[in-house]
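**Q** Could you fit the two chains together into a complex? Lean on the hints.
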Amino acid sequence: GNSVTQMEGPVTLSEEAFLTINCTYTATGYPSLFWYVQYPGEGLQLLLKATKADDKGSNKGFEATYRKETTSFHLEKGSVQVSDSAVYFCALSDPSTNAGKSTFGDGTTLTVKP
Amino acid sequence: EADIYQTPRYLVIGTGKKITLECSQTMGHDKMYWYQQDPGMELHLIHYSYGVNSTEKGDLSSESTVSRIRTEHFPLTLESARPSHTSQYLCASSAGQEIQETQYFGPGTRLLVL
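Sequence lines, in order, name chains A and B. Residues 1 to 114 (this note's numbering) are what the first sequence spells out, left to right. Residues 1001 to 1114 (this note's numbering) are what the second sequence spells out, left to right.
Chain B on its own, in the form it takes in the complex (with noise of 0.2 Å):
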């Protein structure tokens, strides 16, 4: 059983309004990052961070902002909510080491900008 959560599970709010997407790990895992998925089911890495005060883009541009304060919480922001930002968001954590590099994933963020 992965521990990893997010908050909230669903969201619906309107155009303009800033959001924070959470995601907590108690693994201790090194790694974490967001994805966004499509309805079509593929997943796009939009932010990935190493360790505390690491943070990257992915391979899809978002115009979203990361921090990674501690270890254990790496929330997502969206300082202006527009309907293209309607989507699923997932937040997944691995340890890091060279071969283990399972995924854990918390349940996703589906948010809806009105």
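Isolated chain A (complex conformation) (with noise of 0.2 Å):
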């Protein structure tokens, strides 16, 4: 079946840090890639997507590359902000397999201090 392993945290950095946050996956097709965030007392929402091999997704500095040959999926951003402090998933939509539903890592909690 299909999983997400996802680093450990929590993870604490300084501001102005360099952030990697990372993310592997097991997938029987070829599935897109998703890294969401969820600040404090709100819902996941998506932060960046990738559909095939090789697609770099990006937003708000952040960036994540989809590497069929490492099965990765690793989120980077080269500045943290005390702003970007929350929880951040990887997560994995294989539409040939499990009916197009998401499969969730286990989340990673930044807290970026000043």
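Treat the hints with care, since some could be wrong.
What the hints assert, rightly or not - Cβ-Cβ distance ranges computed for the label pairs, FRET-style:
{"#": "1", "chain 1": "B", "residue 1": "Thr1007", "chain 2": "A", "residue 2": "Gly61", "range": "44 to 52 Å"}
{"#": "2", "chain 1": "B", "residue 1": "Ala1095", "chain 2": "A", "residue 2": "Ser58", "range": "16 to 24 Å"}
{"#": "3", "chain 1": "B", "residue 1": "Gly1028", "chain 2": "A", "residue 2": "Ser79", "range": "36 to 44 Å"}
{"#": "4", "chain 1": "B", "residue 1": "Thr1077", "chain 2": "A", "residue 2": "Glu76", "range": "27 to 35 Å"}
{"#": "5", "chain 1": "B", "residue 1": "Val1052", "chain 2": "A", "residue 2": "Ser14", "range": "32 to 40 Å"}
{"#": "6", "chain 1": "A", "residue 1": "Thr26", "chain 2": "B", "residue 2": "Tyr1050", "range": "20 to 28 Å"}
{"#": "7", "chain 1": "A", "residue 1": "Pro10", "chain 2": "B", "residue 2": "Tyr1005", "range": "36 to 44 Å"}
{"#": "8", "chain 1": "A", "residue 1": "Gln45", "chain 2": "B", "residue 2": "Arg1070", "range": "31 to 39 Å"}
{"#": "9", "chain 1": "A", "residue 1": "Lys113", "chain 2": "B", "residue 2": "Arg1110", "range": "44 to 52 Å"}
{"#": "10", "chain 1": "A", "residue 1": "Thr71", "chain 2": "B", "residue 2": "Glu1079", "range": "36 to 44 Å"}
{"#": "11", "chain 1": "A", "residue 1": "Ser14", "chain 2": "B", "residue 2": "Asn1053", "range": "29 to 37 Å"}
{"#": "12", "chain 1": "A", "residue 1": "Gly61", "chain 2": "B", "residue 2": "Gly1040", "range": "21 to 29 Å"}
{"#": "13", "chain 1": "A", "residue 1": "Glu69", "chain 2": "B", "residue 2": "Thr1015", "range": "46 to 54 Å"}
{"#": "14", "chain 1": "A", "residue 1": "Lys113", "chain 2": "B", "residue 2": "Ser1080", "range": "42 to 50 Å"}
Since the hints were made in silico from the structure, they are not lab data. Note that the structure is predicted; figures quoted are calculated from it, not measured. Quick reminder that beta carbons are idealized off the backbone N, C-alpha and C, glycines included.
**A** Okay, structure coming up:
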């Protein structure tokens, strides 16, 4: 079946530090890959996505590249801000299996200190 | 901006009470989902629907039930609330297209059963 494994948290960084949150996946088909972000007290919202190999998703200074050879979709940001403090979820959607339901990682909590 | 709503946002209720958590979306999405989110932030799919009159149980067993009489509405009901039901409940929807399986989340309902 499908699965998503992401870096365990919590992650604590100083403002302007470089961020990487690792995500690897297992899928039987050709999934689309997503990063969602959940700010305190809110639901999840889409941060970025990539629908095929070698695609790069980017938004708000975050980016992630769909690497089929390493089955990875690591999230990066060059300079984090306090406002980036949130929980980040890696996810995949594989239309060929699992009826198109999304499979989520366990979430990584990021805290950015001033 | 996602147009998916959940009410109430917070609910404190006594054991044995019947409760209904409301979820509505105005995007015309066919697929809708209910997730239970742990304090550790993991997401567990408890119910989903492919469209009107379609409901399925998710990956995590739940004593709750759902209905889908209208496309836009996907309420979740607990006939007799217990302290073990205390959690955050997130509703989501997606268009159901093969490639674009982005999920749009509501803000969540935080339930406390005393």
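**Q** Now tell me, hint by hint, if it's right for this structure.
**A** We went through each hint and held it up to the structure:
As the Cβ distance of Thr1007 (chain B) to Gly61 (chain A) is approximately 34 Å, the hint placing it in 44 to 52 Å is violated. At roughly 22 Å, the beta carbons of Ala1095 (chain B) and Ser58 (chain A) sit within the given window of 16 to 24 Å. For Gly1028 (chain B) and Ser79 (chain A), the hinted distance range of 36 to 44 Å is satisfied, since their beta carbons lie about 39 Å from each other. A hinted range of 27 to 35 Å is violated for the C-beta pair Thr1077 (chain B) and Glu76 (chain A), which are about 42 Å apart.
At roughly 51 Å, the beta-carbon separation of Val1052 (chain B) and Ser14 (chain A) lies outside the given 32 to 40 Å, and the hint is violated. Separation of Thr26 (chain A) from Tyr1050 (chain B) is about 24 Å and conforms to the stated range, judged on CB atoms against 20 to 28 Å. Between Pro10 (chain A) and Tyr1005 (chain B) the Cβ separation comes to about 30 Å, which falls outside the hinted range of 36 to 44 Å. Taking 31 to 39 Å as the suggested C-beta distance range, the pair Gln45 (chain A) and Arg1070 (chain B) does not conform, at roughly 25 Å.
Hint check: Lys113 (chain A) to Arg1110 (chain B), Cβ distance near 26 Å, so the stated range 44 to 52 Å is violated. Distance hint check for Thr71 (chain A) and Glu1079 (chain B): the Cβ-Cβ separation is about 42 Å, which falls inside the suggested range of 36 to 44 Å. Hint check: Ser14 (chain A) to Asn1053 (chain B), Cβ distance near 53 Å, so the stated range 29 to 37 Å is violated. For Gly61 (chain A) paired with Gly1040 (chain B), a C-beta distance near 27 Å keeps the hint of 21 to 29 Å intact.
The hinted range of 46 to 54 Å is satisfied by Glu69 (chain A) and Thr1015 (chain B), whose Cβ atoms lie roughly 53 Å apart. In this structure the hint that Lys113 (chain A) and Ser1080 (chain B) lie 42 to 50 Å apart at CB holds, the actual value being about 44 Å.
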